[in-house]
Amino acid sequence: MGASVSLSSGFHPQSNGQTERANQDLERVLRCLARETLLQVGARTKAQADRHRSKPPVYVVGQKVWLSSSNIPLRSVCNKLAPKFIGPFTVTKILSPVAVCLKLPPAYRRIHPVFHVSKIKPVFRSPINPPAPVPPPPRLVDGELTYSVRRILDLRRRGCGIQYLVDWEGYGPEERSWVPARDILDHSLIDDYNLQNDS
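At position 43 of the sequence shown (counting the first as 1) the number is 43 in the working numbering, and the numbers step up by one without a gap.
Warning: the hint list may mix true and false statements.
[Said to hold, decoys possible] No farther apart than 20 Å at their CA atoms in a straight line, the calculated lysine to any residue pairs in the SDA-like style are these: (1) K119 x I72; (2) K119 x D183; (3) K64 x G172; (4) K46 x I111; (5) K103 x L81; (6) K64 x P122; (7) K119 x I94; (8) K121 x A82; (9) K80 x L140; (10) K80 x N23; (11) K119 x L38; (12) K84 x P113; (13) K84 x I111; (14) K84 x K119; (15) K103 x L74.
[Said to hold, decoys possible] Here are the in silico distance ranges between beta carbons for each label pair: (16) R28 x A49: 28 to 34 Å; (17) E169 x H112: 25 to 31 Å; (18) R158 x R51: 35 to 41 Å; (19) D191 x F85: 53 to 59 Å; (20) P130 x D191: 53 to 59 Å; (21) R51 x N23: 40 to 46 Å; (22) L145 x S54: 23 to 29 Å; (23) V123 x V179: 28 to 34 Å; (24) L74 x R51: 51 to 57 Å.
Just so you know, these hints were derived from the structure itself, not from any lab.
Just so you know, even glycine gets a beta-carbon here, dropped at the ideal spot from N, CA and C.
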């Protein structure tokens, strides 16, 4: 007959091409079956989840919204008493039905301005809930614009100086900032803070 036996060894498929080709075909069929099953399971899971999910609210550019403070570091003395929502902020762009871009104040320049709609809620205007008063404009003192401090909340030492956490007049807690002691013009505020915290 003239036939000879050639045994194939592992990791050398050259000697048994027909079996290797059959293995490739079998692998391709199994991949297709698994992919089809995964697509069906994904579609079924989405349909079940969507049955209990309400549609997201529709926002428009220019609309005022409240932003959840759950993932935003507020400069507050006590987190438990910090506001649950801050703002209002203006919607600048609608990226998708579930994501919007907000115009944030300079104090939040390190926070990405895109938020999921579950983190915001619209501002409703009514006689019971009047709009927030417009913050007072800055005053001109010695040729420089200055803002009024409502009260001092905290104190910290930085280098050789002292900084105070100030609550600005007419602004919300999201605008609180640390200010060097030399920049606080009304020294009675410092005296009041020291009186409250000396005991």
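Hint numbers contradicted by this structure: 2, 4, 5, 9, 10, 11, 18, 19, 20, 22, 24
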